[in-house]
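Listed here are the chains, written in short residue letters.
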Amino acid sequence: MNTISTSVKDRLAIITLNRGKSNSLNREMVTELSDMLHNIAQDENIGGVMITGKDHFFSAGLDLIELYHYNEEEAKSFWHLFLGFTAQITAFKKPLVAAINGHSPAGGCVIALACDARVMAEGKYIIGLNEVPVGIIVPHSIFSMYAFWLGKSNAYKNLLEGKLFSPDEALAIGLVDELTKSESILTAAERRVRKYMAFEANTWQQSKLNLRKDLIAATSADQSKDLEIMLKQWWSPSTRAILKSLIDGLQKPKS
Amino acid sequence: MNTISTSVKDRLAIITLNRGKSNSLNREMVTELSDMLHNIAQDENIGGVMITGKDHFFSAGLDLIELYHYNEEEAKSFWHLFLGFTAQITAFKKPLVAAINGHSPAGGCVIALACDARVMAEGKYIIGLNEVPVGIIVPHSIFSMYAFWLGKSNAYKNLLEGKLFSPDEALAIGLVDELTKSESILTAAERRVRKYMAFEANTWQQSKLNLRKDLIAATSADQSKDLEIMLKQWWSPSTRAILKSLIDGLQKPKS
Amino acid sequence: MNTISTSVKDRLAIITLNRGKSNSLNREMVTELSDMLHNIAQDENIGGVMITGKDHFFSAGLDLIELYHYNEEEAKSFWHLFLGFTAQITAFKKPLVAAINGHSPAGGCVIALACDARVMAEGKYIIGLNEVPVGIIVPHSIFSMYAFWLGKSNAYKNLLEGKLFSPDEALAIGLVDELTKSESILTAAERRVRKYMAFEANTWQQSKLNLRKDLIAATSADQSKDLEIMLKQWWSPSTRAILKSLIDGLQKPKS
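Protein chains in written order, with the numbering used here: chain A, 1129 to 1383; chain B, 1129 to 1383; chain C, 1129 to 1383.
Where hints are given, some of them may not hold.
Just so you know, same-sequence chains aren't split out, so a pair can sit in one copy or run between any two.
[What the hints assert, rightly or not] Below, a list of computed lysine-lysine pairs in the DSS-like style, where the Cα atoms sit at most 25 Å apart:
{"no.": "1", "residue 1": "1360", "residue 2": "1323"}
{"no.": "2", "residue 1": "1285", "residue 2": "1309"}
{"no.": "3", "residue 1": "1252", "residue 2": "1309"}
{"no.": "4", "residue 1": "1341", "residue 2": "1353"}
{"no.": "5", "residue 1": "1221", "residue 2": "1291"}
The hints are simulated quantities; they were obtained by calculation from the structure and are not laboratory data.
Using the sequences and the hints, build the whole thing.
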């Protein structure tokens, strides 16, 4: 695996996102994450999972630079892959906790939302779903994930402004469950996932699937029609222009 | 149009409810509102909408005096019209903000609930859904709208008491988003709608439709069976008696 | 009736749970409750219902001692009975208020959740859904009931920890609506149910059914497949071991 590394400690798998400086998600990384979750789901020696990033970045979200250069076929297939991954991680039945050690906007936030609990590092970090300002249409499945934790009203209002939250704001609105110092985040996240792992495993996991029934239905639903509208927008001059200007900003050397 | 007036200011349409003293909703007014929203939806020169009322009244809700005198056919067709209008305004895709400059019970509150944000004037005003005390059965679609903003528990409890809120209470429970002095309400509402209008329009509007998917399904669902039960109650002696006594109160000259 | 007693006071039925020391629910008690609700639903002389328990125990939940000794056929039929009862009480249309005068975990909490309002006695009591620690898989229908009052996020997190709440915590999270001294609980609950009974009855009751439409659908859904998974877990050595140790604790004489 090139973009993630995984270690196992006493039945707990720790997936560390590890791609470039900011863990931006491209096809390879989403594929590797998907494969890893698939393997862990089958592995009887693993009872729970923690996902974490690198210093200052849990994940910056989708790799807009790579995505910008995808052709029509590649873009379509990537978005299918990403929504399929969203469905898979939502339906992952073992305990799954995010240790969000830095920025976590957009796609980074989606991964965190799929987890059972979220611990975030204090600091000048951002987290939230900011698709609308970027010119990306928010699918119903992503709203369902946001609304599951924030409630419909807060999910709606914040999505339609593309609001990004500080860790304190994220805690207050229920987007994360706990804030810690950076150096304590793995300990705090491990405490949470091991609490879940202490219950009778099948009881806990089947209950989790029952509790997520509607959420799994929303993320697993056929979204081809929504994707068509979304991809049409993706290729529109206005969204291309927003993406171009974002990418130019990302690629400009910091002075 | 006899019951509403509309002006346009820099791509923003301002619909002013303007019927009688209290903007109570009758067939003509609901039809005109519906036609106006239909036109605005098609009009490429309009990017967003504000709905406001007159001093002290956003809208007093349905015109019970006129409705009381409808015959069976008229009552049935009015309720179909009103629920159809509710579905239409819920699925209206351009930014829509309510400037609630006075009382807004029942049907007035329904219009406000369909908006993306609500600004309300401070003062001795009431807002909320008080159908139950009036003897009107609350349809599932209206509950869905209330629960979208208040959460299911608060929507349930308050509907079953027909609770009317002061502006402060409405803010606290999430029924409105902001309170202002009467004289500042249009400015405050305009600030909100223009914030939405600043985003790439198709991205914002398609996202809005995706976020409202379940709500649109609930308001657009065939409610004929519910309506039958509701109309049977409407014509029952007990509800007729409540309506009669409310109307007598409304028509009595204030001493 | 052996396990419940019912009195009627001015159109208000008061059901008192009365089985053993702790009102634990067995087949007989669930059947009697179901029959009583069925009769009250039909009885035109009754306009509302209060359910209460005995000192210190609203209901300790399912009678694990009796259930532990059920054979496969009996266990399966009991769980079908209990989920059917849950569907019935959720769809009960007359005003229904719980006077929770003591402990109310698991099945006791489920009965309370089906009510329109909950008043709880102050004191060292517990309430909540703790199926997961007991080794019982939580069905989707029970999650729907919990989430209706607590919101999805709180329902999810607390179910997956099997959290039991103190009365103060239950009030803060919205699981109960009011706390009172033990001696005032019937007065407080009566005040609430009579408030509902004061409205035009058919309007209130049909509105209640409309507001609960999704909840009734969730509890009335065919859950045979979920039950199969749940029963398989019920008979697994790990859940049998948890149940055995709980029962041993219950049957040990207090020193």
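So, going through the hints one by one against the coordinates:
| no. | hint | verdict |
| --- | --- | --- |
| 1 | 1360 / 1323 | between (45 Å within a copy, 24 Å between copies) |
| 2 | 1285 / 1309 | between (29 Å within a copy, 23 Å between copies) |
| 3 | 1252 / 1309 | within (12 Å within a copy, 35 Å between copies) |
| 4 | 1341 / 1353 | both (22 Å within a copy, 13 Å between copies) |
| 5 | 1221 / 1291 | between (30 Å within a copy, 20 Å between copies) |
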